[in-house]
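Chain by chain, the residues:
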Amino acid sequence: MNLQEQYVAFTTIVRKEIKRYLRIWTQTLLPSAITMSLYFVIFGTLIGSRIGEMGGFTYMEFVVPGLIMMAIVTNSYSNVVSSFFGAKFSGSVEELLVSPVSNVVILMGYVVGGVSRGLLVAVVVTLVSLFFTDLTIHSYFIVVVVVLMTSTLFALAGFINAVYANSFDDISIIPTFVLTPLIYLGGVFYSMDLLPEFWANVSKLNPLVYVVNAFRYGVLGVSDVSLPIAFGMIIIFTTLAFGYSMHLLNSGKRLRQ
Amino acid sequence: MIPALEIENLSKVYDNDFEALKGISLSVKQGDFFALLGPNGAGKSTTIGIICSLVAKSAGKISVFGIDIDEDFPAAKRHIGIVPQEFNFNQFEKGLDIVINQAGYYGLAPGLARERAEKYLRELGLWEQRDIPARMLSGGMKRRLMIARSLVHEPQLLILDEPSAGVDIEMRRSMWDFLRRINAQGTTIILTTHYLEEAEALCRHIAIINHGKIVENTSMKELLRQLDREVFILDCLEELPEVITIDGFLIRRVDDHTLEVEVQKGQHLNQIFNALDVAGVHISSMRNRANRLEEMFVNLVEGAA
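Chains as they are written, first to last, in the working numbering: chain Y, -1 to 255; chain U, 541 to 845.
Errors might be hidden in some of the hints.
Unchecked claim - To be clear about the criterion: a stretch of chain U counts as covered by chain Y if any three or more of its residues have a C-beta under 8 Å from a C-beta of chain Y, and this derived list gives those stretches:
#1 583 to 593
#2 620 to 629
#3 695 to 708
Hints were generated in silico from the structure; no laboratory data involved. The beta carbon of each residue, even a glycine, is placed where N, CA and C say it ideally should be.
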């Protein structure tokens, strides 16, 4: 296939993915808006007003970037894991596998589909947050770059999960037992300065620490970790996830017999 | 002329050490209508899976219109359309979207994709159902949807794995007509089926695979010529005498109005009719006891077992 044909195949996958999550918007877009509204009310308004300042900002201002990032992470991940596993489960992934479309285009199509859902949910959650606080953006450039890189990273992670999953239980195990704890321990609700030194160092193994803090820097201009290190870690994790995803596709593991 | 499909010494050993294919070789001519028959587990679906890249081969070589799949599989895939045995589309998508998406995976621009989707959905009688989610279509419609999907990039080689499974007789006949039409237009067709009547009605060449080996590979005419005997059922107008014999034929009285006659290779039916006429028995109709090919198939498969 020439480049133009590969591009057509890529846009076909992306369009199909977007149509899929828009068709079931009550399952894909609405829950994040409701959940985040509850977070804003409970953690930001009710509990936050008693906590006082965190990192030099009101607690509501402090948690908003983390909560937006949480929505991006969970949505970009769950879009790819559920869509690709669904395609495996129904056999419709064979439509792609028998076609001449290249593996990198298949991967990028699903990833961009997941990224687009992450972005759409980010916009929805940001709009909801405006009912609770005034958002002033420190650096639009950093915000956009971090959002794109993070949603790409977790869309790739969702893809790997989908390839390994054998049942619908398998696509909820990682989000429940790995992703959610990493998010909660990734500095969404607290500053790393509050942790004892040992646990602060342990936290540095958590990729969510870097994405949350890089995004918080973009919004508020403060971060618990150095920005170059945060970007470096996100790039390293994304590269590893991309490389492994391509390895899975090229080897045909769990996709071809 | 370059064959549409050339398979040389193809082997497949699965991870559980099951040897599904033991070095099979096949050649399918361009424009042919080819049947690949075999009992369940013989290796038909494995062969098809390897041709369309869903199964990795262990050894051997496959060329599609002269393109070695090891050298340029994407180019080879452009020539292949596949209709699998199982429904393998997203049941929540509309039929039109399924076909248009498949066109997109082959790089067809959206305008052309829609045009082709309309063409094949109309030809297969699904245009009125184009906006219905696939799960709501009948079994026959789903199978025709998969045929439309497989043709949208206009492949030169169409492979159908059990296309008549779950399809009623009327639908099967119209599908046969459609397949004959696209074959007449130049599309090479490979068919696996359990309905041997289907293979006999449609295919010009046939290969029989059993236990991962090709046990027969010849033209349909040649295969049928090899039949050394056929059994016919004769329905008679008058009540038959208790004992009836015809010299040189094995004959059995089934009931008062039915005879079963075994005809060996070289014998001809006129002898039977003449003898029955002399005996005052008049034949109202005649049919094979079993499909001719079915008998041959059973002999070959049992002989190889």
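Check of the stretch 620 to 629 of chain U against chain Y for coverage (Cβ-Cβ below 8 Å, three residues minimum): Since three or more residues must qualify, the claim that chain Y covers the stretch 620 to 629 of chain U holds, with 7 doing so at under 8 Å.
Chain Y covers the stretch 695 to 708 of chain U, three or more CB atoms within 8 Å, holds or violated: violated (count 0)
8 Å C-beta criterion, at least three residues: is the stretch 583 to 593 of chain U covered by chain Y: holds (count 3)
Checked against the numbered hints listed earlier, the structure breaks hint 3 alone; every other hint is satisfied.
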